[in-house]
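Q: Using the sequences and the accompanying hints, generate a full structural model.
End of the sequence shown = 229 in this note's numbering, gap-free, step of one.
Mixed in with the good hints, there may be bad ones.
To be verified - Restricting the straight-line Cα-Cα distance to at most 27 Å, the calculated cross-link-like pairs of lysine-lysine (DSS-like) are:
{"#": "1", "residue 1": "Lys18", "residue 2": "Lys84"}
{"#": "2", "residue 1": "Lys151", "residue 2": "Lys228"}
{"#": "3", "residue 1": "Lys151", "residue 2": "Lys169"}
{"#": "4", "residue 1": "Lys84", "residue 2": "Lys228"}
Said to hold, decoys possible - So the derived label-pair ranges between C-beta atoms look like this:
{"#": "5", "residue 1": "Asn207", "residue 2": "Pro122", "range": "39 to 49 Å"}
{"#": "6", "residue 1": "Gly174", "residue 2": "Ala31", "range": "34 to 44 Å"}
{"#": "7", "residue 1": "Pro54", "residue 2": "Gly191", "range": "28 to 38 Å"}
{"#": "8", "residue 1": "Val77", "residue 2": "Pro105", "range": "30 to 40 Å"}
{"#": "9", "residue 1": "Pro54", "residue 2": "Glu217", "range": "36 to 46 Å"}
Derived from the structure by calculation, the hints contain no laboratory data.
The beta-carbon is built from N, C-alpha and C at its ideal position, and this holds for glycine as well.
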Amino acid sequence: MVRPKQADQHPDLPTAIKETARGLIAENGAASLSLRAIARELKITAPAIYNYFPSRDDLVTALIVDAYNSLRDTLLVSQEGDEKSHAERIFSSARTYRNWALMHPEEYSLIFGTPIPNYHAPMEITGPAAAGSMSVLLGVLDAAWRAGALKTEGVLDSTPEMVQAWIDKFSYDGDPAVIQFAMASWAQIHGIVSLELNGHYTAFPKNVSVDSFFEIEIRAMLTRMGLKG
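A: Quick look at the structure:
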C-alpha cells in the first residue's frame with residue numbers, strides 16, 4: 001500500500017503518532033483517544049496511521065509496551081554501581097518507581113489506572129513487558145537473599161497459589177518467600193504512589209510531606225525484611 005504523501009513531513013511517523021497520542025491522553029484521557037484525532041493533530045490522513053497501527057487498540061498496546069519498557073529501563077539504571085548495599089538497592093528501586101510515576105503520570109495511568117472502555121490488552125504482548133519491571137525488583141531481592149541479607153525464615157508456612165503462580169511465571173528457583181516479599185513490596189510501593197497521583201494525601205498536615213511518608217514506609221518495609229535502610 002502506498003503511504004499518503006502527507007506522512008512524508010514526519011521522518012519518524014510511528015514515533016510522532018505515539019507522542020501525539022500521549023499528548024491527547026494527557027489532555028482528554030485515554031478513553032477518548034482516536035486515530036482520527038491523531039491524524040488531525042499531525043495533519044495527515046488516517047490511512048497513514050493505519051500503515052503502522054491498524055486500530056486504536058494496536059496503538060494503545062504499543063503505548064502500554066513503551067511505558068512498561070520505560071519503567072523497566074529506568075529501574076535498571078537505578079541499580080548501576082557496585083557500591084550500593086542490598087537495602088540501598090531496594091530503596092533505590094522504590095524511589096525510582098515513584099519518581100518515574102510522578103514524571104510520567106499519563107503512562108503510569110495507562111498501565112496501572114482505570115481500564116480503557118472496550119480495550120482488552122493482548123497478554124501475549126503486554127504480559128512480557130509488564131514482567132520486565134517486576135523482574136528488576138525480584139532480582140534485587142533475590143540477590144539480597146542469596147547473600148544471606150534477606151530474612152525469610154517464618155515468612156511462609158506454605159506456598160500460596162498466588163506465590164506459586166509467580167514462581168512459575170518467572171521460573172524462579174529460590175526461596176518462595178522472596179516472591180512473597182516481591183509481591184508485597186510492589187503492592188505497598190504501588191499503593192502509596194497511586195494514592196499520591198490521585199491526590200489522596202491532601203489531608204496530610206502541612207509539616208508532613210509525601211516524600212518523608214514514602215521514605216518512612218519503605219524503611220519500615222526494609223526492616224520487615226531484616227534489612228537496614
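Q: Looking back at the numbered hints, which does the structure fail to meet, lowest number first?
A: Structure breaks hints 1, 8.
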